[in-house]
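Engineer: Sequences listed follow chains A and B, in order. Counted from 1, the first sequence has number 180 at position 180 by our numbering; the numbering is strictly sequential. For our numbering, count along the second sequence from 1 and bump the result up by 193.
Keep in mind that the hints are not guaranteed to be accurate.
[Claimed, not checked] Part of the chain A face toward chain B, derived, beta carbon under 7 angstroms:
{"#": "1", "residue": "Ile40"}
{"#": "2", "residue": "Arg68"}
{"#": "3", "residue": "Asp82"}
{"#": "4", "residue": "Asp135"}
No wet-lab data here; the hints were simulated from the structure. Even glycine gets a Cβ: it sits at the ideal position worked out from N, Cα and C.
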Amino acid sequence: MNSREALLTVGVATAVVGIAVVYVPVATFVDVPSSVPLLISAVALVAALVRGRAWLTHESRDVRPAERERPSAMGVPGDEVDVTLARAPPVGSTGGRGGADNRRIQFRQSLRDLAVETLVTFQGYTTEEARRAVDRGTWTDDPHAAAFFTTPTGEARSVAGSVRGTFSGERPFHRRAEHAASEIEQLGRGADA
Amino acid sequence: MTTNERVTDDEHRRPGIADSAHFRDPSDTADQRDGRGAVDADAPTVDAGDTVTVEEHRTERWYGIGMLALLGLGVGVLTDTAAPLLASGFGLAFAGYGTVTSPPPVDLDVERTVADPAPEPGDHVEVTVTVTNDAERTVPDLRLIDGVPDRLGVVAGTPRHGAVLGPGESTTFDYAVRAERGAFEFDGLTAVARDVSGATERVAVVGEHSSLRCVPRFPTDPPPFPLRAQTVQHTGRYPGDAGGAGVEFYATREYRRGDPLSRVDWKRTARTGDLTTVDFRVERTVRVALVFDTRRSAHLAPSPHEPSAVERAVAGGTTAYASLTRAGHDVGVGAVAPDECWLAPGRGDTHREEARHFLATHPALSPTPPADDTNVYRATQRLKRRLTAETQVVLFSPLHDDLLADTVARLDAHGYAVVVVSPDPTATDTTGHLVARGERRLRIADLRSRNIPVVDWHPDEDLGHALVRTRRRWSP
Chain A
1 MNSREALLTV
11 GVATAVVGIA
21 VVYVPVATFV
31 DVPSSVPLLI
41 SAVALVAALV
51 RGRAWLTHES
61 RDVRPAERER
71 PSAMGVPGDE
81 VDVTLARAPP
91 VGSTGGRGGA
101 DNRRIQFRQS
111 LRDLAVETLV
121 TFQGYTTEEA
131 RRAVDRGTWT
141 DDPHAAAFFT
151 TPTGEARSVA
161 GSVRGTFSGE
171 RPFHRRAEHA
181 ASEIEQLGRG
191 ADA
Chain B
194 MTTNERVTDD
204 EHRRPGIADS
214 AHFRDPSDTA
224 DQRDGRGAVD
234 ADAPTVDAGD
244 TVTVEEHRTE
254 RWYGIGMLAL
264 LGLGVGVLTD
274 TAAPLLASGF
284 GLAFAGYGTV
294 TSPPPVDLDV
304 ERTVADPAPE
314 PGDHVEVTVT
324 VTNDAERTVP
334 DLRLIDGVPD
344 RLGVVAGTPR
354 HGAVLGPGES
364 TTFDYAVRAE
374 RGAFEFDGLT
384 AVARDVSGAT
394 ERVAVVGEHS
404 SLRCVPRFPT
414 DPPPFPLRAQ
424 TVQHTGRYPG
434 DAGGAGVEFY
444 ATREYRRGDP
454 LSRVDWKRTA
464 RTGDLTTVDF
474 RVERTVRVAL
484 VFDTRRSAHL
494 APSPHEPSAV
504 ERAVAGGTTA
514 YASLTRAGHD
524 VGVGAVAPDE
534 CWLAPGRGDT
544 HREEARHFLA
554 THPALSPTPP
564 ADDTNVYRAT
574 QRLKRRLTAE
584 TQVVLFSPLH
594 DDLLADTVAR
604 LDAHGYAVVV
614 VSPDPTATDT
624 TGHLVARGER
634 RLRIADLRSR
644 NIPVVDWHPD
654 EDLGHALVRT
664 RRRWSP
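Working from the sequences, and respecting the hints, build out all of it.
Structural biologist: Have a look at this one:
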């Protein structure tokens, strides 16, 4: 018998004796102080609380068998960009605002470089013309794509926009980034036709 | 930072958007790529017939009952009420049972039968698994998951099975996998055994070795594969840019002493009285190295379960080998991979058979991404030591990062004639995918601006079509 089993045996025996003492008149040969039931009750309730907390906080340890039915998944180029973008909080959210702004600014700068290089390579712009077009928003007819590069962080600066973002979870930065990336992709189409 | 460190794959790349360090989190990509769970991720290698317990633990699924039982006990004693006190007795009994039990032993004998261990690509191969309980105790809840190789998809049945197995009893299940190019080893079978209440479980891996080896045949009618203009003087079948002996008319010129009489244009001599020699287009044998970018990061696809760029590249390389050797060239195989991969250029039946198996089963060309990063500098140096000056390089790469594009440019600058075949792994579903596609296009444009031919091979077209489309813009 291991310690776990011994402890359980003692517990069960104590419970049986306890129940007998309380409910069977014949067994009332011991004068039980009134504080004992109170103590037992308190211990049981505390143990229940501890157990309940453990129950609520523990993660299921049931083994989840590995998926074997499908071939292991391949990555898609650009997945890592999407993961990082998904982590950027919506406009107006609190917490880590400075870091989020930095990430957005870096991303916007990288996308701007890509737009400029694409205009130069596929549309015949000079580098200077391309930079000017991107900064002025004249490189595309898509207002969302154009707006992505015409504000310092690529997102709405109006109070209304920030409020809307806070309450609706709307992500103008992400929407504009998607439009800009789509426009850049279209500029390069036909290069391999 | 050493030179070698500077060019290690996946660690040091020129920061494009998709590449830039602040947008990369390797764990994210790894999580997304690993469609399979964690149980077998750290599974040990188990010899056939052996059983190794990976894990033994309590499932803690009776925690809630235990809490309610203790609550009932406390309330019952406190209020001097019998009902909750008695009810708590049942809960405590369940929880107590879970506490004292231990998971049943796992001593299984596994026999796996692969119906066709050498199938053709696309064949459905039936796998039958029989499991026998060799222990002296009944396993009341046994869950089995067979170790299907990572790159094989199950197309019929399921590799999972559940059973109650008494001592000496057996159970059988079967399923079918779709054969893909490559040599595959089945992993051990994973068994999860639980006691009656499910409070405890034991996870074990039972070793049983089975393999499947799928070696595609070369296409019988491969499309012509274009090479770059050749300057090396080995007579063969590649139409060169000089006159001499051959079959295709190239030019006429004044007779020079030593010219073979068979090449004198006698009709012209009779008409004009001048001796004229006919030059034919000289045909030359070219040595070609098919080099595959099989770095871990090159295992990309437009969607997670489509064939990867590496898989398409090797399929394209198989076609290229058939086409080029049919044209009379010597063809070899290499890879930009963590480990050495080289088959010296050659032709003929023996080399053809060797190349077929090499392309299908060499570990560096495996459809499964390698565990290690590739030091591109070292891999390129290794490759350059194998290449003679006149060897043309046909490089298969998705061009998903600047590292390989820069390497191609450097090889070209060092005088190697390079042709790039690039299976396109990009998609347009998300912002990140669009960005990656835009960056790849710029890499291709940059290489083309250096007069390096690039075949941009779209996922929905065959290689022959991509070659024709590319040749419209490129004259070798």
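Engineer: Which of the numbered hints are not met once you compare them with the structure shown?
Structural biologist: 4
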